[in-house]
Every structure is written in structure tokens, then in C-alpha cells.
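Can you build the whole structure from these sequences, using the hints too?
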Amino acid sequence: MTSPITVLIVEDEPLLRMNISDRLDDLGFIVLEAANADEAIAMLAKHSDVQVMFTDIDMPGSMDGLKLAAAVRNRWPPIRIIVTSGHHRVGEDDMPSGSRFFGKPYHPEAIASAMREMLAV
Numbered sequence: 001m002t003s004p005i006t007v008l009i010v011e012d013e014p015l016l017r018m019n020i021s022d023r024l025d026d027l028g029f030i031v032l033e034a035a036n037a038d039e040a041i042a043m044l045a046k047h048s049d050v051q052v053m054f055t056d057i058d059m060p061g062s063m064d065g066l067k068l069a070a071a072v073r074n075r076w077p078p079i080r081i082i083v084t085s086g087h088h089r090v091g092e093d094d095m096p097s098g099s100r101f102f103g104k105p106y107h108p109e110a111i112a113s114a115m116r117e118m119l120a121v
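Under full-length UniProt numbering, the residue at position 19 of the sequence shown is numbered 19, and the numbers go up by one with no gaps.
The hints are simulated quantities; they were obtained by calculation from the structure and are not laboratory data.
Some clues are possibly wrong.
Computed Cβ-Cβ distance ranges for the label pairs, DEER-style [claimed, not checked]:
1. 120 - 61: 16 to 22 Å
2. 42 - 18: 16 to 22 Å
3. 26 - 103: 21 to 27 Å
Just so we're clear, the structure is a prediction, and the values are computed from it rather than from any experiment.
We put the CB at the ideal spot given by N, CA and C, even for glycine.
Below is the structure:
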């Protein structure tokens, strides 16, 4: 059996964050949560075991999800990144190399599958 995947969910909307976090937990992931980019950076600095970050684009604070994705790629290159939004359509050129985009609403099972695929490479 493979070891569980540790994922950081970055979503400012508490119900959406709780929903995806609970579903990924049910699917066997280890889930950490952050409400904005500043919390996410602090979590990543403390948790070297994070393998995937799943972030919304529109968030209050010092940076949005795309800027967070770029910062994470620069500081923690091995972390895989999935970006989501209900308001923006983002192309591969707008995100760090190897990242994936999911529009809202998304299916948690599709997110889990993408995370597993990204780590299998």
C-alpha cells in the first residue's frame, strides 16, 4: 500500500474548503487547510511533507492563488499545484509549469484523481 498523499487546500470560503477537505480525507489523503496565501506559505514552511497544493484564485490578502502558485513553485519546486476558480478560465501559460486547472464547480473525485496522476509522474 502506498503512503497517503499530503495536500494543502487553500480556499477562503469556509464551506468550500471544508467540503473538499472532508472529501479528500474520506478518500485517504492527509489534508491541511489555509484560508489565504499567507496562511498557506506559513503551513508549507512548517510542513515539509506537503506534496500537492490545491488553491482557489480569488482570495483576500497579500496575493491571489496564481501569485501563490508561482511563489510555491519558486520556493518548493517539488510541490504539485492545482488551481481552481469559478470566475476565471486559466490557461497553462498563466500557471507554473505542470500545474492543472479545474473550474468550479468541480468533483472532489476528479481532484483526487488528478492529484494521484500528478504524483505518479
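Numbered hints the structure breaks, given as an ascending list: 1
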